[in-house]
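Undergrad: Listed below, chain by chain, are the residues.
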Amino acid sequence: MRISRTARVVLGCITAAGLAIVYVPLLLVLLNSVNTDRSFGWPPSGLTGRWWRAALHSEGARQALLTSLKAGLAATAIALVLGTLAAYAVHRHRFFGRRTVSFLLVLPIALPGIVSGIALNAAFRTVLDPIGIGFGLFTVVVGHATFCVVIVFNNIGARLRRIAPSLAEASADLGARPWQTFRYVTFPAMRSALFAGGLLAFALSFDEIVVTTFTAGPGTRTLPIWIYENLARPHQAPVVNVVAALLILASVIPVYIAQRLSSDTAGGRL
Amino acid sequence: MPAAPTPGSRLRLTALLAPPLLWLTLAYLGSLAILLLSAFWATDSFTSDVVHTWNTDNFHELLTTPVYRTIALRTLSIAAAVTVVDALLALPMAFFMARVAGGRWRRPLLVAVLTPLWAGYLVKAYAWRVMLGEDGVVGAALAPFGLHGPGYGTTAVVIVLAYLWLPYMILPVYAALERLPERMLEASADLGAGAWRTLRSVVLPAVRPAVLAGSVFTFSLSLGDYLTVQIVGGKTQLLGNVIASQVTLDLPMAAALSAVPVVLIVCYLAAVRRAGALDSL
Chain A
1 MRISRTARVV LGCITAAGLA IVYVPLLLVL LNSVNTDRSF GWPPSGLTGR
51 WWRAALHSEG ARQALLTSLK AGLAATAIAL VLGTLAAYAV HRHRFFGRRT
101 VSFLLVLPIA LPGIVSGIAL NAAFRTVLDP IGIGFGLFTV VVGHATFCVV
151 IVFNNIGARL RRIAPSLAEA SADLGARPWQ TFRYVTFPAM RSALFAGGLL
201 AFALSFDEIV VTTFTAGPGT RTLPIWIYEN LARPHQAPVV NVVAALLILA
251 SVIPVYIAQR LSSDTAGGRL
Chain B
1001 MPAAPTPGSR LRLTALLAPP LLWLTLAYLG SLAILLLSAF WATDSFTSDV
1051 VHTWNTDNFH ELLTTPVYRT IALRTLSIAA AVTVVDALLA LPMAFFMARV
1101 AGGRWRRPLL VAVLTPLWAG YLVKAYAWRV MLGEDGVVGA ALAPFGLHGP
1151 GYGTTAVVIV LAYLWLPYMI LPVYAALERL PERMLEASAD LGAGAWRTLR
1201 SVVLPAVRPA VLAGSVFTFS LSLGDYLTVQ IVGGKTQLLG NVIASQVTLD
1251 LPMAAALSAV PVVLIVCYLA AVRRAGALDS L
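Going down the list, the protein sequences come from chains A and B.
In this text, residue positions in the first sequence follow our numbering: the first is 1, and each later residue adds one.
In this text, residue positions in the second sequence follow our numbering: the first is 1001, and each later residue adds one.
Isolated chain A (complex conformation) (with noise of 0.2 angstroms):
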């Protein structure tokens, strides 16, 4: 297909406006970060470090972090297990109702947060709340694995599609047992793309605030809460800013881990 120049320019001049509307109000946050000024107004006012100080002495961060780690890394190791076994299953066997199956996978965020959320907070409510099991980080760890379970299944099961079955089947001529020829075979095929599918499960979770609402005791306050919480308080407002000016900085690191990682991820497996 041949591209004319003209076409060429256009295209690229939407892809660079496009990109910078994406990057002008983060760009904004991080600005507004070092603002002098409590309310953020436009331009500012003088530059100051005063915030960030006060930020890193926040204790209330610095537990929301902690709680979210908490809860994103036990959501991604359940969602790992349980992801790989219905990969496996979906796209190594053949059985009545293998497109039901991955359809119903893909529910939980197919559904709005909100449905969700709401789902498991009536659930949690009725069935857990009776027999002791309280709100706190436990129910919030429940709901996010469900929803991260799919992007493990998504990366696995792009995986699984391009390793030829075929190698695993000469590893069981050969002799293997089935445990050998996943232990030698098939997990160092898709060893990158576990680690993918868990970043990608991790940040959501990370990110999640709609079912985390619903889901979290009045004690269990993730990052994304805290945040929501603070945004209304004036006073607050400065150390806020400095916290999603960190976010912003360090969501290059996992782009940059998933990149060198594999290609794959850039398949938007999400």
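All clues given are correct.
Across the chosen pairs, the derived CB separations fall in these ranges: (1) 1181(B) x 103(A): 26 to 32 angstroms; (2) 1014(B) x 9(A): 54 to 60 angstroms; (3) 1011(B) x 165(A): 15 to 21 angstroms; (4) 1103(B) x 133(A): 49 to 55 angstroms; (5) 218(A) x 1200(B): 52 to 58 angstroms.
Quick caveat, the hints were computed from the structure, so don't treat them as lab data.
Where is the CB? At the ideal position from N, CA and C, for every residue including glycine.
Chain B: place on chain A using the hints.
TA: This is chain B only, laid out in the frame that chain A set:
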């Protein structure tokens, strides 16, 4: 091709499928079932306690109260508008990234699109609140042209939601365009098709499932959103807001209300699944 079933593989399949399906059924489908059930319960108007008497009053109210219909339609139009805006932005951007930019540029561009995905939903929605505010950047940028920013309201909601979900649309479209074999485009040119004709008859049909896959995200995420609306929507009310505000007051009504997005999305999923979109999710 997956192996033909043998007794051994059947056992292995059961072992593989049981844990994820058990989890999904207990933790998710069970919850949805409880939610659906509670839609048929009532609420004591004095104590706000749920009364377990079976009735269809909530659905009756839902279908006969005009304000619910207005809000449902508004939510649906916003979700559709966001999806269209994202598709219109994603197609040229993804095409440029996958087909026009040289191999050296492809990676950095993709990273540039991906990175904001990790920056956090709230951070971005909040950034737009600042952008669109009284002395915001948008207003300042438009002032020399004698224009005003959209302020907080429905337009702002569409802009911010389209902004938030854009990567979810770009990624599948990019992947589809990158996979498109050059040979097909060459064949089209050999057969005498111009760039437009190739675009219409070869490229667009090839990316259609990807656009539909992306639209599952843009559509469903918009349909259920209530925080962005709270942050930049001004007085705008969407389904998500009504559901969220009803949860503590009247859970059965909230449950009945959430049947609306669920039905909409299940219909949408069923429709796009026939177009093969779910395979490229």
